[in-house]
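Q: Single-letter residue listing:
Number of protein chains: 6
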Amino acid sequence: MPTRGFIEYQDASPAVKAVYDDIMTVRQTDYINNFWKALAADPATLRRTWESVKEVMAPGQLDPLTKEMIYLAVSASNQCGYCIASHTAAARKAGMSDAQFSEIMAVVGMANETNRLVSGYQVEIDDRFKA
Amino acid sequence: MPTRGFIEYQDASPAVKAVYDDIMTVRQTDYINNFWKALAADPATLRRTWESVKEVMAPGQLDPLTKEMIYLAVSASNQCGYCIASHTAAARKAGMSDAQFSEIMAVVGMANETNRLVSGYQVEIDDRFKA
Amino acid sequence: MPTRGFIEYQDASPAVKAVYDDIMTVRQTDYINNFWKALAADPATLRRTWESVKEVMAPGQLDPLTKEMIYLAVSASNQCGYCIASHTAAARKAGMSDAQFSEIMAVVGMANETNRLVSGYQVEIDDRFKA
Amino acid sequence: MPTRGFIEYQDASPAVKAVYDDIMTVRQTDYINNFWKALAADPATLRRTWESVKEVMAPGQLDPLTKEMIYLAVSASNQCGYCIASHTAAARKAGMSDAQFSEIMAVVGMANETNRLVSGYQVEIDDRFKA
Amino acid sequence: MPTRGFIEYQDASPAVKAVYDDIMTVRQTDYINNFWKALAADPATLRRTWESVKEVMAPGQLDPLTKEMIYLAVSASNQCGYCIASHTAAARKAGMSDAQFSEIMAVVGMANETNRLVSGYQVEIDDRFKA
Amino acid sequence: MPTRGFIEYQDASPAVKAVYDDIMTVRQTDYINNFWKALAADPATLRRTWESVKEVMAPGQLDPLTKEMIYLAVSASNQCGYCIASHTAAARKAGMSDAQFSEIMAVVGMANETNRLVSGYQVEIDDRFKA
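Protein chains in written order, with the working numbering: chain S, 1 to 131; chain D, 1 to 131; chain Z, 1 to 131; chain X, 1 to 131; chain F, 1 to 131; chain A, 1 to 131.
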């Protein structure tokens, strides 16, 4: 947080250390990235956010790479610089190739274009698309 | 378009009919959805948009289902009602299960949450995430 | 506003009536659209918003049609249904043709696409574009 | 503005100086931040924007701190870096604590998550929530 | 979810019923709104989202009304129709007056305006606002 | 793209060179800006995006300056830093004056403000604005 900066492992409270430890275990890394170090200013939000991310990104009916690519696609659509950088790294670690990166970006761009064409032309939902 | 409405196949110019025909061939359907009928008010944009969508959504390093799921994820993140309805239908047609739909939405929600936490806490990009 | 609904001319306070009168005079119409009738729940915001819109949309170095087209373009990009409908009507009243409408939407779509490609690819600003 | 840069007090026209003076008086500061110095390239917009901000942010049924926290929350949701930095500073000056900052961000994050879940699941408005 | 619709209490699994029960207890109501009935298609996301909302919206350094007003402000900024309707209702239940509603909307509008002026003029962060 | 960086003319494949040559011819410049050099990591997207931009931005019922101003307005509304910088430069090259820049930004700001007021107040579309 602006006035306090990042909280490093050695300076962390037991509650924060427990989250850092779990992040490192689940992600099989010894690196805690800046997002978590910033969130550590609010241990409750740190814990809740990590638990949610861990649950949402775990393998399910979608494999981890697909989930990472979707996370990256949404972050690119939202134009969040940090998120794009960190989730590009995460997706690469999960196996995303250069060509896959480019295809994701092409879909993100096209979706953003057609979303606005739909809105501008005030297109009504087809009956067959109604739930 | 507001003052002209949708252009049906039988009322379409040859240029518009050619696009409609290609859509039906590529998508193996006899149905043209409202988006294209609205865009037909501007044949150049109809053609350009269709050619782009066709190229972007063709099988590549990502399979068609993955591309459709990313398209849906971005549309949900952008809160475009028509796009969510039509791409949910398209993704289901491509094989998306109920459970996969739910997992996509969970990732979209989480990405939107953490994107704002990153921005609000003014998190700087880790050196290792820099290109 | 939800719990009070629109305020019609005959039910309006003198302060609200004064704004309604000015809207009708400046726009050369006898119709007050729903946006203003809703804002009338808060006379200070009604007055401030109208005075600002009147000043911003007055002829300047850009003619009224160009300003209306920019207003519509931004509203389409923001996917605001009411705003798209009302500003499409306003732009048409100011002289926008069907072809101009379509060209605006094409630019809005393209800008939204390239904005995300720029972000996703983390493109750095060229030195020559720096102020 | 890009090609002209910030306008400092000593270089300002009387119209711009009058706004700067009012900002310093109302905010009880001798500092004009970059936003106003950039807007000064357009004295009409500088004046209109300042008058609007002054009116909107004045104490009313909501106290100044609550208004600043809402301004910050919206800026964080919009991911506007400058706005987050300047309104975090303004909210702190108005009394926001570290814990309040963290709670605001938690709400902003959660709202952004649930807004997309609502859209993605195409949830219809409950009758009892209709105005 | 589109193909399954809302899950009513009597049709819910024990896991979903447990969440519904907790919502009704915490909110002191016998009404489950459509958002939760739609999310119930994915019990894990239903539970996680409710637990997160419950934790984030609990009284803390900000009182429940202030948190509801911030939630509403972000939803209005994001233009999420369902969220605006449901959180306007929630904020009113927590004590929001008509005048407070109007002041929130005025701040939301102004923040969205100045966020874009800042971006368009490419305003750099003042040194004193840097963390 | 992050891991490969920009592709310069001398290092480009024939397909990429052909696009670069066309950009320089159409824009009457010998400068390729970073956006295209980044997109060159994906020659198909480079070509498709350039062909689309060229078609959309060509003179039509709207003159090139008006199109550039709309592109800039949307980019400012979307808060895309690179896009604002590059399209401010492009619009200036096409003839945009300082005063026109300021008027565009004023419209962008006002549209963003009223778009949210409309949403927050849940304003229904006037019958006369319906298509």
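Treat the hints with care, as some may be off.
Same chains, same names: a pair is fine if it fits in one copy or spans any two.
In the DSS-like style, the derived pairs of lysine-lysine whose C-alpha atoms are separated by at most 30 Å in a straight line are [stated by the list, open to error]: (1) K54 / K17; (2) K130 / K93; (3) K130 / K17; (4) K130 / K54.
The set of hints was computed from the structure by calculation and includes no laboratory data.
Small disclaimer: the values here were computed from a predicted structure and weren't measured.
Q: Checking each numbered hint in turn, tell me which of them this model violates, lowest number first.
A: Result: no hint breaks.
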